[in-house]
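Residue numbers (this note's numbering), protein chains in the order written: chain A, 1 to 266; chain Z, 1 to 347.
In short, the hints are calculated from the structure, not lab data. Glycine is no exception: its CB is placed at the ideal position from the N, C-alpha and C atoms. Among the hints, a few may not be true.
For each label pair, taking beta carbons as the anchor points, the in silico distance ranges come out as [unchecked claim]:
#1 A/L122 / Z/N6: 43 to 49 angstroms
#2 Z/R51 / A/I111: 28 to 34 angstroms
#3 A/F254 / Z/D80: 32 to 38 angstroms
#4 A/F70 / Z/F11: 29 to 35 angstroms
#5 Z/N17 / A/L122: 34 to 40 angstroms
#6 A/I93 / Z/Y127: 36 to 42 angstroms
#7 Z/E106 / A/N83: 39 to 45 angstroms
#8 A/L19 / Z/Y127: 39 to 45 angstroms
#9 A/P184 / Z/T320: 56 to 62 angstroms
#10 A/K128 / Z/K98: 44 to 50 angstroms
#11 Z/N6 / A/L253: 57 to 63 angstroms
#12 Z/Q122 / A/L253: 52 to 58 angstroms
#13 A/I93 / Z/F11: 55 to 61 angstroms
Simulated coverage check for chain Z against chain A, where a stretch passes if three residues somewhere in it have a Cβ under 8 angstroms from a Cβ of chain A [unchecked claim]:
#14 42-55
#15 63-70
#16 75-87
What follows is each chain in one-letter form.
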Amino acid sequence: MFTRLREISFKTGALILILLLAALIVAVLISIVTHTSAQALITSLTSGEIWFAIRLSLATSIISTLICLFVSLPAAYALTRYNFWGKSILNTILDVPLALPPLVAGLGLLILFGTTSFGKGLSEIGIKFVFTPMGIVLAQFFVNVPFTLRVLRSTFQNINPRYEYVAQTLGYTEAQSFYKVTLPMAKSGLMAALVLTWCRGIGEFGAVLMIAGATRFQTETLPISLYLNMLCGELPMAIAAATILIVTSLVMLFFFERFSSSAGVF
Amino acid sequence: MISIRNISKDFGDFVLNDVSLDIRDGEYMVILGPTGAGKTILIETIAGIYRPDSGRIFLNDLDITGLPPRMRNVGIVYQDYMLFPHLTVRKNISFGLKAKKIRGDEGTERVKELAEMLGISQLLDRYPLTLSGGEKQRAAIARALVLEPEVLLLDEPLSALDDETRDRLQEELHRIHSVTGTTMLHVTHSFNEAFLLGSRMAVMDKGEIIQVGEPGEVFRKPNCKFVAEFLGVRNVFRGTAVIEGETAYVNVNGLRMASANLREGEVYISIRPEDILVFPGYIESSTKNSFRGKVVDISDTGTVVRIKVDAGVPFVVAVTRRSLVDMRLRTGMEVFLTFKSDDVHMF
Chain A
1 MFTRLREISF KTGALILILL LAALIVAVLI SIVTHTSAQA LITSLTSGEI
51 WFAIRLSLAT SIISTLICLF VSLPAAYALT RYNFWGKSIL NTILDVPLAL
101 PPLVAGLGLL ILFGTTSFGK GLSEIGIKFV FTPMGIVLAQ FFVNVPFTLR
151 VLRSTFQNIN PRYEYVAQTL GYTEAQSFYK VTLPMAKSGL MAALVLTWCR
201 GIGEFGAVLM IAGATRFQTE TLPISLYLNM LCGELPMAIA AATILIVTSL
251 VMLFFFERFS SSAGVF
Chain Z
1 MISIRNISKD FGDFVLNDVS LDIRDGEYMV ILGPTGAGKT ILIETIAGIY
51 RPDSGRIFLN DLDITGLPPR MRNVGIVYQD YMLFPHLTVR KNISFGLKAK
101 KIRGDEGTER VKELAEMLGI SQLLDRYPLT LSGGEKQRAA IARALVLEPE
151 VLLLDEPLSA LDDETRDRLQ EELHRIHSVT GTTMLHVTHS FNEAFLLGSR
201 MAVMDKGEII QVGEPGEVFR KPNCKFVAEF LGVRNVFRGT AVIEGETAYV
251 NVNGLRMASA NLREGEVYIS IRPEDILVFP GYIESSTKNS FRGKVVDISD
301 TGTVVRIKVD AGVPFVVAVT RRSLVDMRLR TGMEVFLTFK SDDVHMF
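In isolation and in its complexed conformation, chain A is listed as follows:
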């Protein structure tokens, strides 16, 4: 009798906790969006500065996402399909940026590309990362590529290599069987990786701040814009940037859920 009662109260307690947590999240989002008047919000959203931030955020995050995919696709495939010496150490190293605070990653990038002869050499031939939009792309790429790699790695891991073996006995080369069989089967995982990487790229702040700095109309992505406007007390502008970030996150989350749930179909 008492154990039964305890079980029920445990269940009720857990449910209440979940509700409280959900309420907190919704409250945070709503309080941002409703803080200023709609009029002020629209004015800020249509301002030149916010438009600049939107365009820069979109451009840098799309480019960094594509680079992440371009690098992760073959890397993830190799890490799941081939055995080679040092594979487990390599796997660990590739995961390091996952655990590293983005500020630290950004600091490292700044020092490597700003102060060493390697960075200076690149800068001399016109490849400048410090305080430039290219630096934003680099920071987003560095911080996000382990996530892309992880999603794709588990995607390929879930696809039996024997599908490719069958394709190879049917007249296809290794590369052809990858394109004709594994890649189409990995479609959902690929989309999930794409959405996740892009979403994280748009929101990346710490690493971007360190290497690209926070300069208005120059390296002002949406998170940087939010930060700059908060510093100067321009609350409506900060909230405009935040609102856009909230909307993109929610849309991305919707797509991510869709792709990651259907990723298990095959």
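Assemble the complex: chain A is given as a structure, and chain Z must be docked to it using the hints.
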């Protein structure tokens, strides 16, 4: 003809050890062995997925050891079907045609013929996810046959199916073999499949081929204890043999059994339960092997009755239900066992 010569491959946790096997043209060869015997790795090596560390593989006297899978013209069918989930059954079957640039009427005709032969014509526009296990395996077989391979490799093709589907597909494989004449290499751990399908079989264990022969032959004359036990051969005894004239006598735990196989020293012998006769009382018999024992167990499986008799060594004897009733056999009863020396197989 496929000739596998001294293939070895070390996978670290698994080893193929000096495997040699000849598969004749048009033959249905079954490789039988327990899980982990290396059967799948052997056929994947034949398919060209793995390159052996040493040894060579010949296909019609051509050395194909270094050729990639796509140039070997072998078809492969797996236990888990491995149908491409993003393609319809039709596109799965015609997958090989595209790579070999076989297009138009010829391709359409081949797909149609194969689908008809396997009874899946009505499923051609469906996706694999919507098919039953048996239907998937038919589609996978059709896909593997589309390029008219020199050899069809079947990796436990029936193991994932329910009993009824398995029986039907087993007959289907037999029919496909006789209709197309394709050389088949079928891997399984089921002796039934080996017996019903195989024109010859090879028993494999721990990465080695242990015995090759016609299924009946291997069953009657296993060449070692592993094969005997794996095939469920009963009455396997170990003893010391001496030859006296035309007969070898094997001393098993004090019992002297006569065998027509003339060998000396430490040997294993086996006597099939069907070859032992049982009598309720002593009878004069010309057979050299006649022993007194006590019935210790009777197990009635419905079709055959097996009785265990302790005659100093434990014998398993198969009797018909009729004789069980006629002789009023029951546990504790004293009986006599006789069998011919021809039926005492030595290995």
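Results of checking the hints against the structure:
In this structure, A/L122 and Z/N6 break the distance hint of 43 to 49 angstroms, their C-beta atoms being roughly 56 angstroms apart. For the pair Z/R51 and A/I111, the supplied restraint of 28 to 34 angstroms is violated, since their beta-carbon distance comes to about 46 angstroms. Checked against the given bound of 32 to 38 angstroms, the beta carbons of A/F254 and Z/D80, roughly 33 angstroms apart, stay inside it. Against the hinted window of 29 to 35 angstroms, the Cβ-Cβ separation of A/F70 and Z/F11 comes to about 33 angstroms, which satisfies the hint.
At about 54 angstroms, the beta-carbon gap between Z/N17 and A/L122 misses the expected band of 34 to 40 angstroms. Take A/I93 and Z/Y127: their Cβ atoms lie about 41 angstroms apart, and the range 36 to 42 angstroms holds. Distance hint for Z/E106 and A/N83: a CB-CB separation of about 41 angstroms, consistent with the stated range 39 to 45 angstroms. In this structure the hint that A/L19 and Z/Y127 lie 39 to 45 angstroms apart at CB holds, the actual value being about 41 angstroms.
Judged by the Cβ atoms, the range 56 to 62 angstroms given for A/P184 and Z/T320 holds: they are separated by roughly 59 angstroms. Evaluation of the 44 to 50 angstroms hint for A/K128 and Z/K98 yields a pass: the beta carbon distance comes to about 48 angstroms. Checked against the hint of 57 to 63 angstroms, the pair Z/N6 and A/L253 passes, with Cβ atoms roughly 59 angstroms apart. Here the CB-CB span from Z/Q122 to A/L253 is close to 42 angstroms, at odds with the stated 52 to 58 angstroms.
Range check, A/I93 to Z/F11: about 26 angstroms between beta-carbon atoms, so the 55 to 61 angstroms window is missed. Coverage of the segment 42-55 of chain Z by chain A holds in this model, with 4 residues showing a Cβ closer than 8 angstroms to a Cβ of that chain against a need of three. Counting residues of the segment 63-70 of chain Z whose beta-carbon sits less than 8 angstroms from any beta-carbon of chain A gives 3, enough to reach three: the coverage restraint holds. As drawn, the segment 75-87 of chain Z meets chain A at 8 residues by the rule of a beta-carbon pair under 8 angstroms; at three or more, the given contact holds.
When each numbered hint is compared with the structure, violations occur for hints 1, 2, 5, 12, 13.
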